[in-house]
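All chains, full assembly: derive it from the sequences and hints.
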Amino acid sequence: MSAVIESHDHEHHHGPAKGITRWFYTTNHKDIGTLYLWFSFAMFLIGGAMAMVIRAELFQPGMQIVEPEFYNQMLTLHGLIMVFGAVMPAFVGLANWLVPMMVGAPDMALPRMNNLSFWILPFAFTVLLSSLFMEGGAPNFGWTFYAPLSTTYAPPSVTFFIFSVHIMGASSIMGSINVIVTIMNMRAPGMTLMKMPLFVWSWLITAYLLIAVMPVLAGAVTMMLMDIHFGTSFFDAAGGGDPVLFQHIFWFFGHPEVYIMILPAFGITSHIIETFSRKQLFGHASMVWAMTSIAILSFVVWAHHMFTVGMPLAAELFFMWATMLIAVPTGVKVFNWVTTMFKGSITYETPMLFSIAFVVLFTIGGFSGLMLAITPADFQYHDTYFVVAHFHYVLVPGAIFSIMAAVYFWIPKWTGNMYDERLGKLHFWLSFIGVNVTFFPQHWIGLAGMPRRVPDYALQFADWNMVSSVGAFLFGASQILFLFIVIKTVMGGKKATPEVWEGARGLEWTVESPAPYHTFTTPPKVTQ
Amino acid sequence: MNEGGKKTIKLLCFAVLGMFTFSFALVPLYDVFCDITGLNGKVTQSTNAETSITAEGREIGLQFISHNNAGMPWVFKPSKKVLKIKTGTLHEATFYAKNTTNKIMTARAVNSVAPSNAKNYIKKIECFCFAEGIELMPGEEILLPIKMVVDNELPQEIKNIVLSYTIFDSNIEHSIIMNHDSDHEMEPSI
Amino acid sequence: MFKKATTSFNCKVSSLLIALFSSQTFAAWDDINMTEGVTAISKEVFELHMLIFWICVVIGVIVFGVMFYSMFAYTKKKNPNPSTFHENTKVELAWTIVPFLILVFMAIPASNTLTTIYDDSAGDINIQVVGYQWKWQYKYLEDEIDFFSNLTTDLDEIYNKTPKGEHYLEEVDEVVVIPVGKKIRFLITANDVIHSWWMPDFAIKQDAIPGFINTAWTVVDKPGTYRGKCTELCGKNHGFMPVVVKAVPQDEYDSWVKNKKEEAFKIAELTEKDWTKEELFERGEEVYAKNCVACHQTNGQGIPPIFPALAGSDIVMNDASRQIEILMEGVGPTYAMQAFGKQLNEIDIAAVITYSRNAWSNAENGDGKIVTPKDIVDYKKPKV
Numbered sequence: 001m002s003a004v005i006e007s008h009d010h011e012h013h014h015g016p017a018k019g020i021t022r023w024f025y026t027t028n029h030k031d032i033g034t035l036y037l038w039f040s041f042a043m044f045l046i047g048g049a050m051a052m053v054i055r056a057e058l059f060q061p062g063m064q065i066v067e068p069e070f071y072n073q074m075l076t077l078h079g080l081i082m083v084f085g086a087v088m089p090a091f092v093g094l095a096n097w098l099v100p101m102m103v104g105a106p107d108m109a110l111p112r113m114n115n116l117s118f119w120i121l122p123f124a125f126t127v128l129l130s131s132l133f134m135e136g137g138a139p140n141f142g143w144t145f146y147a148p149l150s151t152t153y154a155p156p157s158v159t160f161f162i163f164s165v166h167i168m169g170a171s172s173i174m175g176s177i178n179v180i181v182t183i184m185n186m187r188a189p190g191m192t193l194m195k196m197p198l199f200v201w202s203w204l205i206t207a208y209l210l211i212a213v214m215p216v217l218a219g220a221v222t223m224m225l226m227d228i229h230f231g232t233s234f235f236d237a238a239g240g241g242d243p244v245l246f247q248h249i250f251w252f253f254g255h256p257e258v259y260i261m262i263l264p265a266f267g268i269t270s271h272i273i274e275t276f277s278r279k280q281l282f283g284h285a286s287m288v289w290a291m292t293s294i295a296i297l298s299f300v301v302w303a304h305h306m307f308t309v310g311m312p313l314a315a316e317l318f319f320m321w322a323t324m325l326i327a328v329p330t331g332v333k334v335f336n337w338v339t340t341m342f343k344g345s346i347t348y349e350t351p352m353l354f355s356i357a358f359v360v361l362f363t364i365g366g367f368s369g370l371m372l373a374i375t376p377a378d379f380q381y382h383d384t385y386f387v388v389a390h391f392h393y394v395l396v397p398g399a400i401f402s403i404m405a406a407v408y409f410w411i412p413k414w415t416g417n418m419y420d421e422r423l424g425k426l427h428f429w430l431s432f433i434g435v436n437v438t439f440f441p442q443h444w445i446g447l448a449g450m451p452r453r454v455p456d457y458a459l460q461f462a463d464w465n466m467v468s469s470v471g472a473f474l475f476g477a478s479q480i481l482f483l484f485i486v487i488k489t490v491m492g493g494k495k496a497t498p499e500v501w502e503g504a505r506g507l508e509w510t511v512e513s514p515a516p517y518h519t520f521t522t523p524p525k526v527t528q
Numbered sequence: 001m002n003e004g005g006k007k008t009i010k011l012l013c014f015a016v017l018g019m020f021t022f023s024f025a026l027v028p029l030y031d032v033f034c035d036i037t038g039l040n041g042k043v044t045q046s047t048n049a050e051t052s053i054t055a056e057g058r059e060i061g062l063q064f065i066s067h068n069n070a071g072m073p074w075v076f077k078p079s080k081k082v083l084k085i086k087t088g089t090l091h092e093a094t095f096y097a098k099n100t101t102n103k104i105m106t107a108r109a110v111n112s113v114a115p116s117n118a119k120n121y122i123k124k125i126e127c128f129c130f131a132e133g134i135e136l137m138p139g140e141e142i143l144l145p146i147k148m149v150v151d152n153e154l155p156q157e158i159k160n161i162v163l164s165y166t167i168f169d170s171n172i173e174h175s176i177i178m179n180h181d182s183d184h185e186m187e188p189s190i
Numbered sequence: 001m002f003k004k005a006t007t008s009f010n011c012k013v014s015s016l017l018i019a020l021f022s023s024q025t026f027a028a029w030d031d032i033n034m035t036e037g038v039t040a041i042s043k044e045v046f047e048l049h050m051l052i053f054w055i056c057v058v059i060g061v062i063v064f065g066v067m068f069y070s071m072f073a074y075t076k077k078k079n080p081n082p083s084t085f086h087e088n089t090k091v092e093l094a095w096t097i098v099p100f101l102i103l104v105f106m107a108i109p110a111s112n113t114l115t116t117i118y119d120d121s122a123g124d125i126n127i128q129v130v131g132y133q134w135k136w137q138y139k140y141l142e143d144e145i146d147f148f149s150n151l152t153t154d155l156d157e158i159y160n161k162t163p164k165g166e167h168y169l170e171e172v173d174e175v176v177v178i179p180v181g182k183k184i185r186f187l188i189t190a191n192d193v194i195h196s197w198w199m200p201d202f203a204i205k206q207d208a209i210p211g212f213i214n215t216a217w218t219v220v221d222k223p224g225t226y227r228g229k230c231t232e233l234c235g236k237n238h239g240f241m242p243v244v245v246k247a248v249p250q251d252e253y254d255s256w257v258k259n260k261k262e263e264a265f266k267i268a269e270l271t272e273k274d275w276t277k278e279e280l281f282e283r284g285e286e287v288y289a290k291n292c293v294a295c296h297q298t299n300g301q302g303i304p305p306i307f308p309a310l311a312g313s314d315i316v317m318n319d320a321s322r323q324i325e326i327l328m329e330g331v332g333p334t335y336a337m338q339a340f341g342k343q344l345n346e347i348d349i350a351a352v353i354t355y356s357r358n359a360w361s362n363a364e365n366g367d368g369k370i371v372t373p374k375d376i377v378d379y380k381k382p383k384v
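Protein chains in written order, with our numbering: chain E, 1 to 528; chain G, 1 to 190; chain R, 1 to 384.
Just so you know, these hints were derived from the structure itself, not from any lab.
Be careful, since some hints might not be right.
Unchecked claim - Derived PhoX-like pairs: lysine-lysine, alpha-carbon spacing no greater than 20 Å straight-line:
#, chain 1, residue 1, chain 2, residue 2
1, R, K261, G, K81
2, R, K277, R, K369
3, R, K139, G, K81
4, E, K343, R, K76
5, G, K103, R, K374
6, R, K246, R, K258
7, R, K76, E, K425
8, R, K77, E, K343
9, G, K98, R, K381
10, E, K494, E, K425
11, R, K182, G, K159
12, R, K380, G, K98
13, R, K222, R, K182
14, R, K380, R, K266
15, R, K183, G, K159
16, R, K374, R, K273
17, R, K90, E, K343
18, E, K343, R, K78
19, R, K381, G, K77
Claimed, not checked - Computed beta-carbon distance windows for the label pairs:
#, chain 1, residue 1, chain 2, residue 2, range
20, G, M1, E, L132, 41 to 47 Å
21, E, Q64, G, M1, 56 to 62 Å
22, R, E279, G, A131, 56 to 62 Å
23, R, E325, E, L132, 21 to 27 Å
24, R, K266, G, A25, 15 to 21 Å
25, G, P138, E, L45, 57 to 63 Å
26, G, M1, E, F163, 27 to 33 Å
27, R, V98, G, E126, 54 to 60 Å
28, R, G181, E, W143, 53 to 59 Å
29, R, T89, E, F163, 50 to 56 Å
30, E, E499, G, M1, 31 to 37 Å
31, R, F72, E, E499, 24 to 30 Å
32, G, K81, R, D254, 51 to 57 Å
33, R, T75, E, F163, 25 to 31 Å
Everything numeric in this text was worked out from a predicted model, so none of it was measured.
A virtual CB, placed ideally from N, CA and C, is assigned to each residue, including glycine.
The structure is reproduced here in structure tokens:
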């Protein structure tokens, strides 16, 4: 972790433009970070509303609220919006705000491309959401869109789905190029790679993963488009193709994708635990090693999503062992966080509460992941609610909690105002209870035999489904409180100091709060 | 921006294009990989089947199963469903197919083997499943041939092989959308 | 204070372990845990699941234990001067190598069980399982028995008009019957999209992929009725195509096989008989309730535009030959309207067509023609 001896930050250019067009034309990384964060919050609420529809239908056995066709559209859009609209843009927003400041750069490497990367996203999601009103309805084949359900048997809106996925991919790729070039070429003098903060490391690695796999997703959806419109047979057995090929290509993207959705969370957690333990993060170099190993391993485990597809024994064994192996570097990270806290001097402000909950609950998600890696056992878990429980644990009290922690942690730097600590803690406790009541019983429901992606279920699953739905409604409602807290903080609050948090380390804490529109126009000198 | 930055951008753009191309390369790569390892259980035409016709080996069970994929009205079934053959010997089997409609139709047959690791030991000299399409006139019936030999090297634990053939209508539109595009009637107009 | 914390920690762990291992807790686990199943493999899988689970619990207790301890013992108040240690290579190596060894310990039984599952030698009985939207077809290869298995739960139960039965969403018209103690091999494929055949009590799950065969095998020790599900999103009624397998003693299996073969003869005989309109209507109403209501609805209104209305439909009222063609061949390209000619016998097809032509005031407004099983037999004769 680097401490700064000198920093020169007084060359002020003009401030932000006036009026609403500021937001359309801005090339400022702070503005663009803000745009991404608000966009992702809006998508989180929309995707969350769809989750409410799903849980409302699952509240009791029988069909009460929606028809099965529409239910399939809800579950598909819920997944797509949360993955591509909420989690990924939120992390990009955080990258935009923080990476330049953390490395002592004045802005991102390609500011105009940065603007483009953001603005194509609302366009892409308008296209996607408008499919709800098209004939045949929205995509209804799950966010993993396996062929031939998503090709031969797809509604007409699939073409718009493919179009919007291409645009989202372009946005991610451009964003990643920006992040890599910024980190590799614009660090302040004296900031070697190993002196970089862990959030920056996590984004460097994530950006490389995105460069590697988003084009593969683009390839997959292009092949789909060709099968649907141009008579090819990539995935159509009738024409000599293979539906399983789709799964291989998709998951070659899909597995690194889930690490894309968690690595920045690892970076955030390291910053926050270090700060509120008032103790330097244990094992900085080891944490970098762990994230790198996770990223590399993520390329060779994709078929653990396909254990029941009929692969030969040798392949299944390989993917089982490789998947189990990822537990090692992940465990290293958890041990390092815990050791950072051990013999520290801890206080429990809201960011710390979310980060501690992240460590515990993400680890639980990791345990269910380890169970899923065991192939013969996976035959009983695959495509049941056990899997749903697993990935919601790593994504909701995992990725989403880390995003919330990051917002609470850095919002005083962004706005100059402290958030209301009591309300923040209330939001935390409501979310913590909500998330566990929603998703813990889903482990049991899955073990007891309930498949996923179903709008109705046999009677033995009724009780815990009702409990899960109640938890979901609580969790959903609590996010309205979060919206209120954020707006309230933007509009005013106790004034924040530059350091904000006792024990905070990093270049971003050396500038004023709120951070000036242009920071580090002259690079700081980094020594220790 | 400095030279280093420009170079990084160029490299990353190449990487993006490279990965996009790689995803398309996965298509033939997958076939090659499956061919070599037998992963997807598809048996392709053998070039050296004759070398497998050696001494008569052990007896194994052979089962043929058939399926008509959605929308394929032909009669399609193996002439014999279950048989015992000896490894190392040439074997001939047939499938009976009949176009029961009053339109000319072209079918494509997809084969699948269980267990999939038997695939490398099944040498097919001739199989109707290699053809791009099997065209039958209205009412025409045909006996489709398979000539194969099961290599003596077949692992001892495999005592029974299932060969499955699924026929598809080659001319079927591949999606609702293509169907709409070509103005076919998708649903009966009632 | 440190001592107090340790003692209370120990107390917590002991009481937790007692609670977990008490027999009462285990009984309640039936509702929330995986089934042990009724085969040697399913029991092995269950043991593996529990082993990994307990290892995870122990690791969790240790790691979270240290964490929770730190959270209480090292607050700023209690420990205002934090330690400054921040790296230790030995420790890092230790907690890399030890977890790796634990994983190896887990991987060995897992690999063994997987290898046993993959034993793909012959079965005493081979059953081809075909997934359709939205039902299963079973073909017994040796005995040449062939039938479809549809969900029989009433739409009224699903839409909360009548109370739900005990086996709500888990009951079918034709059950897969197998003998206990024999090796049954399943050859799994699909007719349209990817489905997946799951029998939790046998620990079998294999995807059903159009064009390809996946295999699974089982030897069931215990007679009983076992229920499973489709576990791959396959469209609208993915949640409504259960699997039901009944394992019976060998002699019961043999008589079931005999009955099935006799049924086929009986159907052929019945086709020859002269059916009255009333007989066809009555039978057709049953066939309709089982096969057609999900899409065309009890009142014949359908869910346009995808599932057309039959009540008031021009084809149903006035064009019997087109209607026969649709029932027999289905409607492409997705065959959401399946080729029922493959699934239903001639009597059922004739009956359901006759029913639809006379229900919902179609008789008054249409030509009122009935369709007989002989008409269907004629249709099936080659066209040329």
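Results for each hint:
no.: 1; hint: K261(R) to K81(G); verdict: holds, 18 Å
no.: 2; hint: K277(R) to K369(R); verdict: holds, 9 Å
no.: 3; hint: K139(R) to K81(G); verdict: holds, 12 Å
no.: 4; hint: K343(E) to K76(R); verdict: holds, 10 Å
no.: 5; hint: K103(G) to K374(R); verdict: violated, 24 Å
no.: 6; hint: K246(R) to K258(R); verdict: holds, 16 Å
no.: 7; hint: K76(R) to K425(E); verdict: holds, 18 Å
no.: 8; hint: K77(R) to K343(E); verdict: holds, 12 Å
no.: 9; hint: K98(G) to K381(R); verdict: holds, 12 Å
no.: 10; hint: K494(E) to K425(E); verdict: holds, 16 Å
no.: 11; hint: K182(R) to K159(G); verdict: holds, 17 Å
no.: 12; hint: K380(R) to K98(G); verdict: holds, 13 Å
no.: 13; hint: K222(R) to K182(R); verdict: holds, 11 Å
no.: 14; hint: K380(R) to K266(R); verdict: holds, 19 Å
no.: 15; hint: K183(R) to K159(G); verdict: holds, 14 Å
no.: 16; hint: K374(R) to K273(R); verdict: holds, 9 Å
no.: 17; hint: K90(R) to K343(E); verdict: holds, 19 Å
no.: 18; hint: K343(E) to K78(R); verdict: holds, 10 Å
no.: 19; hint: K381(R) to K77(G); verdict: holds, 17 Å
no.: 20; hint: M1(G) to L132(E): 41 to 47 Å; verdict: holds, 42 Å
no.: 21; hint: Q64(E) to M1(G): 56 to 62 Å; verdict: holds, 58 Å
no.: 22; hint: E279(R) to A131(G): 56 to 62 Å; verdict: violated, 47 Å
no.: 23; hint: E325(R) to L132(E): 21 to 27 Å; verdict: violated, 35 Å
no.: 24; hint: K266(R) to A25(G): 15 to 21 Å; verdict: violated, 58 Å
no.: 25; hint: P138(G) to L45(E): 57 to 63 Å; verdict: holds, 59 Å
no.: 26; hint: M1(G) to F163(E): 27 to 33 Å; verdict: holds, 32 Å
no.: 27; hint: V98(R) to E126(G): 54 to 60 Å; verdict: holds, 58 Å
no.: 28; hint: G181(R) to W143(E): 53 to 59 Å; verdict: violated, 44 Å
no.: 29; hint: T89(R) to F163(E): 50 to 56 Å; verdict: holds, 51 Å
no.: 30; hint: E499(E) to M1(G): 31 to 37 Å; verdict: holds, 32 Å
no.: 31; hint: F72(R) to E499(E): 24 to 30 Å; verdict: holds, 27 Å
no.: 32; hint: K81(G) to D254(R): 51 to 57 Å; verdict: violated, 20 Å
no.: 33; hint: T75(R) to F163(E): 25 to 31 Å; verdict: violated, 53 Å
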